[in-house]
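Peer 1: If you want the building blocks of each chain, they are given just below.
Number of protein chains: 2
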Amino acid sequence: MGKGKLGICVVGLGIGYAHARNYSKMEDVDLYICDADRAKVERAKAELEVKGTFGTIDEVLESPKIDAVDISLPHDMHKDVAVKAAEAGKHIMVEKPIARNLAEADEMIEAAERAGVKLMVAEWQRFAPSIVKAREFIGEGLLGEVFLVCVYQLGFVRITGWRLSKERTGGGNLIDSGIHAVNALRSLGGADVEIVFSQTTRLVLKEMEGEDTSVTVVRFRNGVVGNLITSWGISTPGPHAYFTVYGTDGSLWEQLGDDGGLYIRSSRLPEADEEPVKVDLPKVSGFEAECRHFVECILEDKEPITGPREARADLELVVAAYRSAETGMPVRLPL
Amino acid sequence: MGKGKLGICVVGLGIGYAHARNYSKMEDVDLYICDADRAKVERAKAELEVKGTFGTIDEVLESPKIDAVDISLPHDMHKDVAVKAAEAGKHIMVEKPIARNLAEADEMIEAAERAGVKLMVAEWQRFAPSIVKAREFIGEGLLGEVFLVCVYQLGFVRITGWRLSKERTGGGNLIDSGIHAVNALRSLGGADVEIVFSQTTRLVLKEMEGEDTSVTVVRFRNGVVGNLITSWGISTPGPHAYFTVYGTDGSLWEQLGDDGGLYIRSSRLPEADEEPVKVDLPKVSGFEAECRHFVECILEDKEPITGPREARADLELVVAAYRSAETGMPVRLPL
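Chains S and Y are the protein sequences, given in the same order. Taking our numbering, the leading residue of the first sequence gets 1, the next gets one more, and so forth. Taking our numbering, the leading residue of the second sequence gets 336, the next gets one more, and so forth.
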């Protein structure tokens with residue numbers, strides 16, 4: 001960083017493209033990219049301010065221009081690339097899930113600790129204004145005592161390629177898109193999760209090896225009950241909020257569709273005592289905020305909010321849910 | 336019934352008042368009422384066509400004018416009154432739940448069988464046009480293969496009197512109002528329930544002995560997963576349908592509030608292939624239909640749709656959910 005700007009290389013231009021776009025706008029970042037697919041590289045070069053490109057991950061890790069890598073690769077590549085990046089002294093942002101299983105996650109976490117580099121998972125939910133504000137309201141006691149948190153992530157996604165493979169992803173829908181909803185649930189529940197019970201199905205995307213749908217009940221250590229449904233097999237969901245939090249003095253939810261946004265009804269808020277009110281939120285996207293946070297954690301030597309502890313806890317809940325679905329039994333955390 | 340009209344006595348004019356109103360409109364029924372509360376009796380006499388009144392249950396059961404009783408009493412009175420009614424040769428409609436526990440339910444069922452009288456639980460959900468039509472659509476295969484059924488019965492009810500007592504009700508919210516949602520879930524799931532996992536809380540109505548909120552996941556024997564939330568502690572729920580059924584070829588739901596009603600989206604229905612359509616439903620209420628069904632079962636010697644098997648299965652799921660919530664373990668049915 002002696003050279004003034006932080007050199008970040010986005011490795012993998014799938015979801016990584018969105019990260020690259022965010023880094024590209026930052027004054028204090030030099031964006032580099034690396035992808036085996038030349039077309040993706042050319043598109044990024046045409047559309048974004050790209051300082052340089054790399055053909056292989058080894059070249060990225062050997063380059064003194066690179067301070068940090070953003071690993072947006074299939075799940076089965078996270079661990080090896082992250083460990084090598086740590087050993088090369090590069091800070092690490094890794095796309096969710098941190099890894100396919102806890103053993104891989106722990107290797108990554110240890111490697112980052114040993115090397116003294118930052119390790120952050122790209123869990124944008126934790127930076128989404130609706131979740132940040134909901135946590136603030138809950139923390140201020142506006143809902144009284146919370147007793148129920150529901151998160152419903154329902155949609156239709158035709159999965160292809162490596163994401164069909166249980167070996168490559170570590171599971172199915174829940175460890176993939178679903179882990180965002182897991183983070184939202186954990187984040188709103190206000191405590192560690194104690195018990196996980198889950199049932200999964202795969203009737204819609206029969207080409208997948210893992211589940212396309214999961215239904216989970218958790219109990220947090222503070223007694224809050226959580227209810228989570230995630231699915232790639234629902235093209236037309238019935239009316240539902242993305243998340244809803246119920247407390248003794250009110251409720252809040254993120255509404256979808258027209259009039260979407262965060263709503264709160266609380267007997268502790270005069271303006272929202274009778275009818276729910278829509279909350280004004282900052283116009284920043286969770287994606288932008290997470291990328292900025294990663295950069296600031298490096299520049300200011302801070303611990304990332306979605307650092308090893310958060311990243312591992314999300315994955316732990318997913319692994320517990322899979323174990324529960326397989327055995328038909330609840331699973332107690334920590335694993 | 337040689338006297339031309341069926342003599343039905345509604346015993347208990349709480350929820351029983353709604354039943355009395357329905358019987359009162361029927362040409363082939365003579366309505367009698369019985370309640371210790373004189374004010375309720377007078378109100379019913381003023382508002383409904385009441386053929387006669389009784390001061391005590393024994394008088395009801397001794398009267399040759401009475402062919403059938405409609406027992407709308409606290410749960411802890413169901414069994415004794417029903418068994419005596421059966422022994423007196425009276426047909427029996429009993430308010431939900433059939434009883435506080437399966438032992439009581441079985442005594443009632445055996446007594447009715449021995450006496451050769453009808454026994455029906457007043458589960459109006461099973462007669463609600465939205466549920467009847469949803470079952471029809473599912474049965475016709477319009478949703479393809481069903482994989483997920485959700486039922487959310489969320490509201491605020493300030494519970495008082497005997498309903499606060501676990502001893503008198505057999506539990507809390509789930510065995511009381513909640514059992515309607517249990518019936519809806521079972522009814523839409525299309526098979527017997529195999530596994531029940533439940534968590535309950537009671538943070539809002541602290542004066543209750545039982546739970547005010549329950550969150551339950553079930554697996555049906557056909558592999559369908561069910562997700563059920565019932566609560567008396569939620570004054571402002573987030574957006575949700577009452578029930579939603581998801582299948583491989585579409586979904587259907589009962590929408591609440593403005594534009595409430597049954598909606599379906601199905602790739603097998605040309606008119607609902609892209610966008611959900613609202614379904615025309617008969618203008619009959621489930622309450623009316625259930626009372627009429629009881630009368631017809633007696634007059635035409637038919638087995639009630641919500642007879643012993645259905646009534647017991649709803650209660651069995653509730654009992655399993657309570658056992659699960661207490662132990663933290665899933666419970667397998669049959670108990």
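Keep in mind the hints are simulated off the structure, nothing from the lab. Be a bit skeptical, because a hint or two may be false.
A few chain Y residues that face chain S, going by a derived Cβ cut-off under 7 Å, partial list only [as the list claims (entries may be wrong)]: (1) Phe482; (2) Ser500; (3) Phe532; (4) Trp588; (5) Gln590; (6) His628.
Built from N, CA and C at the ideal position, the CB exists for glycine as well.
Peer 1: All the hints need checking, so say for each whether the structure fits it.
Peer 2: How the hints compare with the structure:
1. About 4 Å separates the beta-carbon of Y/Phe482 from the nearest beta-carbon of chain S, less than 7 Å, and the hint is met.
2. Nearest Cβ of chain S to the Cβ of Y/Ser500: about 22 Å, over the 7 Å cut. The hint is violated.
3. Annotation: interface hint on Y/Phe532 holds; nearest CB of chain S at approximately 4 Å, less than 7 Å.
4. With 7 Å as the threshold, the beta carbon of Y/Trp588 comes within range of chain S, its nearest partner Cβ sitting at about 3 Å, so the hint holds.
5. The closest approach between the C-beta of Y/Gln590 and any C-beta of chain S is roughly 6 Å, which is under the 7 Å cut-off, so the hint is satisfied.
6. Look at Y/His628: its Cβ only gets to about 28 Å from chain S, farther than 7 Å, so that hint breaks.
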